[in-house]
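The listed protein sequences derive, respectively, from chains Z and X. Counting along the first sequence from 1, when you hit position 273 you're at 735 in our numbering, and nothing is skipped either side. Counting along the second sequence from 1, when you hit position 173 you're at 296 in our numbering, and nothing is skipped either side.
Keep in mind the hints are simulated off the structure, nothing from the lab. Heads up, some of the hints might be wrong.
[What the hints assert, rightly or not] Across the chosen pairs, the derived CB separations fall in these ranges:
1. PRO736(Z) with VAL319(X): 56 to 62 Å
2. PRO612(Z) with PRO229(X): 54 to 60 Å
3. PHE273(X) with ARG599(Z): 30 to 36 Å
4. VAL319(X) with PRO612(Z): 46 to 52 Å
5. PRO478(Z) with PRO229(X): 28 to 34 Å
6. PRO229(X) with THR727(Z): 49 to 55 Å
7. THR727(Z) with GLY145(X): 25 to 31 Å
8. SER266(X) with LEU483(Z): 39 to 45 Å
9. VAL319(X) with GLU603(Z): 26 to 32 Å
10. ARG243(X) with PRO750(Z): 29 to 35 Å
[Claimed, not checked] Over 12 Å on every C-beta distance to chain Z, these chain X residues come out as not near it, computed from the model:
11. PHE129
12. ILE168
13. ARG176
14. GLU184
15. GLY198
16. LEU241
17. HIS321
18. LYS370
[To be verified] Coverage of chain Z stretches by chain X, computed from C-beta distances (three or more under 8 Å per stretch; other residues unrestricted):
19. 599-605
20. 668-682
21. 714-724
Beta carbons are placed, not taken as given, at the ideal position from N, Cα and C, and that holds for glycine.
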Amino acid sequence: MAGDLLVVEDLRVYFPLYRSLLERLLGRPYKIVRAVDGVSFTLGRREVLAVVGESGSGKTTLGKAILGLVKPVSGRILFDGVDLARAKGGEARRVRRRISAVFQDPYKSLDPLMPVGEQVAEPLLIHRMAGRSEARRMAMEMLEKVGLTPASEFYWRRPHQLSGGQRQRVAIARALITQPDLIVADEPVSMIDVSLRASILELLESARRELGVSVILITHDIATARVIADTVAVMYLGRIVEYGPIDAVVEDPRHPYTAALVTSTPSISRRRPPRFPVKGEIGDPANPPPGCRFHPRCPLALEECRRVEPPSASDSGRTYWCLNPLGPGGLWRGVEA
Amino acid sequence: MEGGLFSRLMGVVAGLVRGPGGLMTATGLAIITMFALVAIAAPWIAPYPPDVRPPGAGLLEPPSLRHPFGTNDLGYDVFSRIVWGARVVLKVVLLSSLMSMAVGVPLGLISGYYGGPLDRLLSMVMDSLYAFPGIIMAIAVASVLGPSTFNAAVALMVVYVPTYYRMTRARVLELKNEPFIEALQAMGAPGWVILVRHILPNAAPTILVVFGLASADAILTEAGLSFFGLVAVYPQPDWGLDLYYGKNYLLDGAWWLVFFPGASILLLALGFALLGEGLSERFRVRGGSYG
Numbered sequence: 463m464a465g466d467l468l469v470v471e472d473l474r475v476y477f478p479l480y481r482s483l484l485e486r487l488l489g490r491p492y493k494i495v496r497a498v499d500g501v502s503f504t505l506g507r508r509e510v511l512a513v514v515g516e517s518g519s520g521k522t523t524l525g526k527a528i529l530g531l532v533k534p535v536s537g538r539i540l541f542d543g544v545d546l547a548r549a550k551g552g553e554a555r556r557v558r559r560r561i562s563a564v565f566q567d568p569y570k571s572l573d574p575l576m577p578v579g580e581q582v583a584e585p586l587l588i589h590r591m592a593g594r595s596e597a598r599r600m601a602m603e604m605l606e607k608v609g610l611t612p613a614s615e616f617y618w619r620r621p622h623q624l625s626g627g628q629r630q631r632v633a634i635a636r637a638l639i640t641q642p643d644l645i646v647a648d649e650p651v652s653m654i655d656v657s658l659r660a661s662i663l664e665l666l667e668s669a670r671r672e673l674g675v676s677v678i679l680i681t682h683d684i685a686t687a688r689v690i691a692d693t694v695a696v697m698y699l700g701r702i703v704e705y706g707p708i709d710a711v712v713e714d715p716r717h718p719y720t721a722a723l724v725t726s727t728p729s730i731s732r733r734r735p736p737r738f739p740v741k742g743e744i745g746d747p748a749n750p751p752p753g754c755r756f757h758p759r760c761p762l763a764l765e766e767c768r769r770v771e772p773p774s775a776s777d778s779g780r781t782y783w784c785l786n787p788l789g790p791g792g793l794w795r796g797v798e799a
Numbered sequence: 124m125e126g127g128l129f130s131r132l133m134g135v136v137a138g139l140v141r142g143p144g145g146l147m148t149a150t151g152l153a154i155i156t157m158f159a160l161v162a163i164a165a166p167w168i169a170p171y172p173p174d175v176r177p178p179g180a181g182l183l184e185p186p187s188l189r190h191p192f193g194t195n196d197l198g199y200d201v202f203s204r205i206v207w208g209a210r211v212v213l214k215v216v217l218l219s220s221l222m223s224m225a226v227g228v229p230l231g232l233i234s235g236y237y238g239g240p241l242d243r244l245l246s247m248v249m250d251s252l253y254a255f256p257g258i259i260m261a262i263a264v265a266s267v268l269g270p271s272t273f274n275a276a277v278a279l280m281v282v283y284v285p286t287y288y289r290m291t292r293a294r295v296l297e298l299k300n301e302p303f304i305e306a307l308q309a310m311g312a313p314g315w316v317i318l319v320r321h322i323l324p325n326a327a328p329t330i331l332v333v334f335g336l337a338s339a340d341a342i343l344t345e346a347g348l349s350f351f352g353l354v355a356v357y358p359q360p361d362w363g364l365d366l367y368y369g370k371n372y373l374l375d376g377a378w379w380l381v382f383f384p385g386a387s388i389l390l391l392a393l394g395f396a397l398l399g400e401g402l403s404e405r406f407r408v409r410g411g412s413y414g
């Protein structure tokens, strides 16, 4: 689609594992961690995409690849038509300033020594979008906008003088000040006090509404994702296993892994589907199982799941990669462990 | 943001003196300040010229009210020589420490942040320099350059650059993996902005600690150099040189010729060492080659 902001095509990010000296002398081959192994999706303008999955599913690496912090081995990341993996020099910088990041740990994602206002102003100076005094004025405004008032007082505070929630507001202000088109938010609320999570998510939501940014929300918590996301991509061992509108996917998943994620989330409601049983923990991304990567843990696995990589299938707006999917309403029927 | 430079500096010092390691820092600073004042005010403090026999002064006079540290074999006042000698040692050590820092810190920053072949090459060069015993290398360099305070400072710089380099580089390697540096990279900040505006300030405590500890070591090495006549030429006042000439009279019972220069060297080195240790407690700097 021409209107798509971000198109990711068959993205692969591999990391070589460290070999000990002995292993090198013996000529053992490099082991490779396939953190992201063939991921494709598109993101429209003003769309909020949630990327969910367990630790080790590759969701953080996917975010880092989009931010340019890790280099993909193959595939394309087209941002407004420019391939981020190949853009260089001035073009790369021009595109880069339209993408911002919010990180998980608000205690570590800010420079401990620099006044927070200066850190909010810094992207403007780095991209030469404003002079020093103009940047300072804009940073003050942005601090007000994210609810850190009075801004003139917060501006000179150091991170250690702020609470976790306030720091994450600073991080969001820093992400918004360049008026980006895309924000990659990696677990932005998982280290925030529960009572403040909704207000942080609301900030991202209002950024989408008022500034028209798209958001990639990376989280392990599908309930958090549902608060603001339009679409969801469920990742398992470097691949997307199910992708579609978040309400449809959460309420009526096709992939057994999605079902497991959905039913493992504690719910405030009494009426909830039975827990979908999965065995063990996420597999080793350096050594993924053959066939469907989820088959060793899947209660619905068939014989052919061990051998055949599932092709994509579509059903009422969502796409999934599973040979033995749950039927409509299957979530509520449950399965025998 | 308010207040003059001086009051802000005093604020920083007050902050260092309180808290963990504050007593050591305060003692160290007091010792260093005392020697610095003595060096600056030498013409007014020293009762006699350091290299002229005062009228009426005997040779090898033991300490007395007229000559609190005694006189040497040529009748020069030892106290005056110590006072003037403080200038030499402080000049050499501070100059060499600043030069070592000016070379070692930027190299450590670049090497640690960018890594790659340059990092491996620099590490190899610095490690080979570091493998030499400091005093021997200093003597070698100073002998080639010839005796002067500036040449001695250069010789000491060569010895201590690897220390600044290694400690800075190690700190950069730690900081480089901090999420706030990653956040800056994600926003497309150029390397020099990250290094100068973010990594350097966060590495500053480590560099300060190294300054204290390496300077303490440098004082001892400088004393070694001047003992061998590689800093000053007799009869210029110089603590190490006085030790060298004084030792010849030790068997005659003239203990003051070696005791006072030796004690001065020790006390000044102790001052820098206390400063370094105090700061390292304050900033919780781990490791350290002189820890």
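Hint check against the structure, violated hint numbers in rising order: 2, 3, 4, 7, 17, 19, 20 and 21
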